[in-house]
Amino acid sequence: MITMDNKGYVMGGMAFLLIIPALILANILASAVMTDEVHIIPFKSDKLHQLSGDVESNIPLITLQILNETSDTVSRTGEPVPNSKLLIKSRIQTKIDETYREYQRETGINVTCKINSVDNSKDPYKVCVTSTLYANYREGYIAKNMSQEVQFASSDFTDSSPDSYKIKDPLPFIIMKGYGSLKTEGDTIYYGAALSNYLKSKGINNSTAYNNASSPLYFKRCPYDPYPSHGHSNSYLILKNCIENGYYHLSAAGSCIFCRLEGKPVCNHTGLETFVVPGISNFSCDYAPCSVDHVIFGASPSEIYLGKLAGYDSNNPQCRIFLDKGHKDKYGLPND
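Count along the sequence shown starting at 1, add 43, and that's the number in my numbering.
It is worth saying that the hints were derived from the structure and are not from the lab.
Watch out, some of these pointers could steer you wrong.
[To be verified] Simulated DEER-style distance windows between Cβ atoms: (1) Y177 x E346: 45 to 53 Å; (2) R148 x T227: 34 to 42 Å; (3) G229 x N311: 30 to 38 Å; (4) N159 x F326: 49 to 57 Å.
Please read all numbers here as calculations on a predicted model, not as lab measurements.
Even glycine gets a Cβ: it sits at the ideal position worked out from N, Cα and C.
Please model the entire structure based on the sequences and the hints provided.
Right, dumping it as structure tokens:
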């Protein structure tokens with residue numbers, strides 16, 4: 044059989060037949076890229092199906108492990124991470140390669156998983172990881188694109204939760220470096236004199252209100268939504284519970300996890316904010332820096348605005364924070 048291609052070149056029948064498998068494979072790869080579907084030949088390749096599920100399950104676990112290790116290192120050194128997305132992506136890729144290199148030796152399945160990107164999710168309590176899996180075993184072949192939302196901030200940590208599921212907030216350790224040592228105990232950061240020293244260096248009034256201040260150590264998602272319920276609850280019970288549990292909230296001004304790793308208290312992404320609680324007995328003033336992390340960690344004095352003293356437990360006069368009008372409105376507290 045003689046055929047003519049679209050440029051007028053003549054091909055023999057055997058050559059034409061040899062091209063057909065290549066065209067089929069090219070179509071499979073193009074479809075995988077465009078549709079994120081799984082393509083397997085032959086479809087009875089159970090080992091490839093199982094491998095696909097294993098990789099899909101492992102990527103979120105490895106991502107959490109890398110976030111944990113990276114934030115832990117920053118918390119110990121106080122050194123920010125430049126280009127944190129690229130660094131996290133590279134470390135996930137290295138861990139994936141190590142994991143499946145051994146798998147390949149044990150099973151004979153040729154497997155490659157490429158981490159394409161690590162980026163912000165629309166949900167700031169999550170990160171988005173995209174990847175492509177390629178694998179072949181005997182006559183079977185698989186190509187799969189994946190986009191996974193990995194949650195790094197849960198609201199239901201327990202004492203039995205694996206440590207790798209708990210991601211430290213690195214920002215306080217970066218901002219406070221050089222102003223005093225921080226102490227961690229349980230789920231809490233204690234600032235000693237560091238935070239008041241930092242505020243004093245910026246020329247901020249009433250900085251001593253934050254002697255022995257505290258804030259959360261781990262990212263934990265606030266379960267109380269909508270946020271005005273914090274102040275609308277009886278005796279501010281929800282606000283009290285939120286502060287005592289160290290929850291984080293959505294914030295247009297607060298920084299995302301990647302910018303926190305880079306030492307930025309504010310960023311252009313939808314981020315997070317939490318409360319920084321003044322030290323007990325430091326309430327000799329009615330106004331002091333607002334008790335929200337992205338405000339109190341401001342890089343310049345103009346970013347560190349004042350808040351008015353507000354109680355959140357009628358039975359305990361020591362339970363107080365400083366809030367500006369905007370944050371009082373956000374959390375449902377009265378502006379008096």
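- Item | Those earlier numbered hints the structure runs against, lowest number first | As far as the earlier hints go, not one is violated by this structure.
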